[in-house]
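Protein sequence lines, in the order shown, are assigned to chains A and B.
Number 239 in our numbering belongs to position 239 of the first sequence; there are no gaps in the numbering.
Throughout, our numbering is defined as the position within the second sequence, counted from one, plus 486.
In case anyone wonders, no lab produced these hints; they're calculated from the structure.
Treat the hints with care, since some could be wrong.
Heads up, incomplete: computed chain A residues facing chain B, CB under 7 Å, no partners named [claimed, not checked]:
1) A29
2) E42
3) V63
Heads up, incomplete: computed chain A residues facing chain B, CB under 10 Å, no partners named [what the hints assert, rightly or not]:
4) G252
5) N261
6) Y264
7) K404
Over 12 Å on every C-beta distance to chain B, these chain A residues come out as not near it, computed from the model [said to hold, decoys possible]:
8) L218
9) T328
10) L329
Since the model is a prediction, treat every value here as computed from it, not as a measurement.
We put the CB at the ideal spot given by N, CA and C, even for glycine.
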Amino acid sequence: MKTITIDPITRLEGHGKISIFLDAKGDVANAYLQIPELRGFERFCQGRRAEDMPQITSRICGVCPVAHHFASTKALDAAFNVDPPSAAKKLRELMYCGYYIYDHILHFYYLGGPDFVVGPDAPPAKRNVLGVIEKAGVEIGKEVIKHRAYGQKITAILGGKATHPVCGLPGGVSKGLNKDEVKEIEKMGKSCVEFAKFSLKLFDDIVLKNKDYVDLILSDPYTLKTYNMGLVDENNKVNFYDGKIRVTDQKGKEHLKFDVNDYYKNIAEHVEEWSYIKFTYLKDIGWKGFKDGKDSGIYRVGPLGRLNAAEGMATPLADMEYKRFFETLGGKAVNSTLAFHWARLIELLYATERAMELLKDPEITSTKIRNPVGEPGEGIGVTEAARGTLIHHYKLDKNGLIEKANLIVATTNNAGAINMSVRDAAQGVIKKGKVNDGLLNMVEMAFRAYDPCFACATHTLPGGMPLEVNIYDENKKLHKTIRRNL
Amino acid sequence: MNKEKKETGNNKKLQLAFYWAASCGGCEIAVLDIDEKILDVVAIADILFWPVAMDFKYKDVEAMKDDTIDVCFFNGSIRTEEQEHIAHLLRKKSKILVAFGACAVSGGIPGLANISNREEIFNVSYLDNPSTVNPRKTVPKNSVKVKEGTLTLPEFYDTVKTLDQTVDVDYYLPGCPPTPDQIMTAVGAIAENKLPPKGSVIGSMKSVCDECRFEKSEKKIKEIKRVYEVDKIEDKCLLEQGIICLGPATRGGCDARCLDANMPCTGCGGPTPNSLDQGAKMISALASILGIEDEEKMSDEEVQKLIDQIVDPVGTFYKYGLPSALINRRVMK
Chain A
1 MKTITIDPIT
11 RLEGHGKISI
21 FLDAKGDVAN
31 AYLQIPELRG
41 FERFCQGRRA
51 EDMPQITSRI
61 CGVCPVAHHF
71 ASTKALDAAF
81 NVDPPSAAKK
91 LRELMYCGYY
101 IYDHILHFYY
111 LGGPDFVVGP
121 DAPPAKRNVL
131 GVIEKAGVEI
141 GKEVIKHRAY
151 GQKITAILGG
161 KATHPVCGLP
171 GGVSKGLNKD
181 EVKEIEKMGK
191 SCVEFAKFSL
201 KLFDDIVLKN
211 KDYVDLILSD
221 PYTLKTYNMG
231 LVDENNKVNF
241 YDGKIRVTDQ
251 KGKEHLKFDV
261 NDYYKNIAEH
271 VEEWSYIKFT
281 YLKDIGWKGF
291 KDGKDSGIYR
301 VGPLGRLNAA
311 EGMATPLADM
321 EYKRFFETLG
331 GKAVNSTLAF
341 HWARLIELLY
351 ATERAMELLK
361 DPEITSTKIR
371 NPVGEPGEGI
381 GVTEAARGTL
391 IHHYKLDKNG
401 LIEKANLIVA
411 TTNNAGAINM
421 SVRDAAQGVI
431 KKGKVNDGLL
441 NMVEMAFRAY
451 DPCFACATHT
461 LPGGMPLEVN
471 IYDENKKLHK
481 TIRRNL
Chain B
487 MNKEKKETGN
497 NKKLQLAFYW
507 AASCGGCEIA
517 VLDIDEKILD
527 VVAIADILFW
537 PVAMDFKYKD
547 VEAMKDDTID
557 VCFFNGSIRT
567 EEQEHIAHLL
577 RKKSKILVAF
587 GACAVSGGIP
597 GLANISNREE
607 IFNVSYLDNP
617 STVNPRKTVP
627 KNSVKVKEGT
637 LTLPEFYDTV
647 KTLDQTVDVD
657 YYLPGCPPTP
667 DQIMTAVGAI
677 AENKLPPKGS
687 VIGSMKSVCD
697 ECRFEKSEKK
707 IKEIKRVYEV
717 DKIEDKCLLE
727 QGIICLGPAT
737 RGGCDARCLD
747 ANMPCTGCGG
757 PTPNSLDQGA
767 KMISALASIL
777 GIEDEEKMSD
787 EEVQKLIDQI
797 VDPVGTFYKY
807 GLPSALINRR
817 VMK
């Protein structure tokens, strides 16, 4: 049997490694995406002061620190049995919008989007943010840099610093907003709304008006019929900061809707010996291996998961885009992996619109931003990280120290699906032992669509992602090496 | 430094590299946060590799001649076999190796894992966990036979190490993450060949207290409070409000931004210049503000009562630097 190894894939928490095994006919027998790193947060958080958790856990990911910061702060609200004042919740949500603006722009323009904007067939050296600037123009490039920075600035104004913020406390936030700061954020926010609209138009012009791209989005190797998960508000609209967890099936029908406190009754994690990452699944259906369909408990989270798991967006412009998304791609559920990119831009528009709504709320400058805490106990906090549903669960001792911590991060929720998408993409390209550069692009595109924490960063300055594929024969002797961009 | 000047002179662009080990990616985002200044950096330097930007293969680095890289910014601590390997490799290939950010400098938050070991970490992650269903007690292994062949994973070590506990380090750039200004200062010093002596920290000579907007009044306190216990954080020195703030023991350069958000310094800048152990310095600062230095006036009981209020000394005083502290791990049976 031949083995193809792509090692390492650059990622945010170390590296990823893909091994593809071919059968006797030279077709793909199986593929494994391995995560070769673990840091052990759940263990070393034991014994820490509870109030340190929002800052300790933000170090799980420096790309999405705000998501961990507030999932953690919400877990502390629950553990100390305190409901923050509504102004504090609005300030947290506003900061969350700033974070989404920065993170979704980062992914679309720097990391994943170049696949489309520059094109999947473009030379790898062009498939990066510089290529995007070249194609869209230097002026646009400056706008990209400016608006990503705006997102970070909004977070920094509210959170002290963008990476890693400090404002989250059980019962509220440590810092409010004054009128000047509101004005400053409003100015940036307005500009971000326009930039989000522009980005959707760019996607329309470059991707949706190109039949080849649309065919690629809808093609089999990029289709995965899993369940979908995301937080929704009381009207079943997408919400990043709060709500209930809703799960829909392959046809978009509600399968489960549960309170975040019941996460462990509905979600379970499976361990494999060959990766440090765990694989989540729906408990009622069970772990059936790396399979999609109704009988497998694997689900997807993140922009596509959220749009599928909801019934709309809570702001007008984003809701229009939401409807157009499902009309264009053939109704619910959209099971096309590459549609993650479009979904991400719709969420970007929502984040900007929602930020503007919050800024207009007179309560946003309230000084009532904290409530006194109760006795320490147990608490669960859930938010939607840019990459998907994020769960923090703590048990505190009587001194307010962490006794136990359980964390299910966004990319873990997608780990099973990403593994299958990589396998399917490989199966789509490799036939009868024929392997070429196309494989590399196709496999990369499969995992990059998820914006996973382990593959995030393959696309920006200053060049494309160099890859090497080694093909071994049955005797594990190196048969062929394909290199790109090395 | 003359050697570098000779070799990188003649209008040859600087050859820069960025690498991350056990880290969160925040250091990489900090580099992106220099925003449009990245164009200035690209004007004077070639970036040979940068994980947030591009991938690379170990074989490429192995194939490089020694000292090909002028300056390598290395972030993240050393936790696995793979990270240790790449640290050695990059040391060999780089003229200047900079420990970038708290994890590489002093172990960072992942370094808190030194209160534990591999077995305990695996137990909590894979076995004793409320959402993990694992009847066969499966844990990841270094080499696994699957149906189709063999898969390998790098070994996970018991102890987290800093970069300079692994290889020789030339400079240190502290912070979690370093601020864009600190990064540009370092890049500027490299570009103009104005680097300080080997082994220096490239950073502010001030403490966070020096940069803090709050006034200190040398007031003594009687008790330590948790930040969430203080109903309203007032616009004055947090230590004087009873909140443990590592400002006096921590190197500045950050403009005390956490304090701008009314939250205490947690020490990410590492020890102040000329101080060896950040925690020891903070404990002595606390002893002074708590009046323990006048302990002849206090009963043992009173002193003990004050000390008992410090509920998590390791996490409080060594949050970013346990692996580099004088006592750097828990002794495991």
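Hints, one by one, checked against the model:
no. : hint : verdict
1   : A29  : 5 Å, holds
2   : E42  : 5 Å, holds
3   : V63  : 5 Å, holds
4   : G252 : 26 Å, violated
5   : N261 : 12 Å, violated
6   : Y264 : 5 Å, holds
7   : K404 : 8 Å, holds
8   : L218 : 28 Å, holds
9   : T328 : 32 Å, holds
10  : L329 : 30 Å, holds
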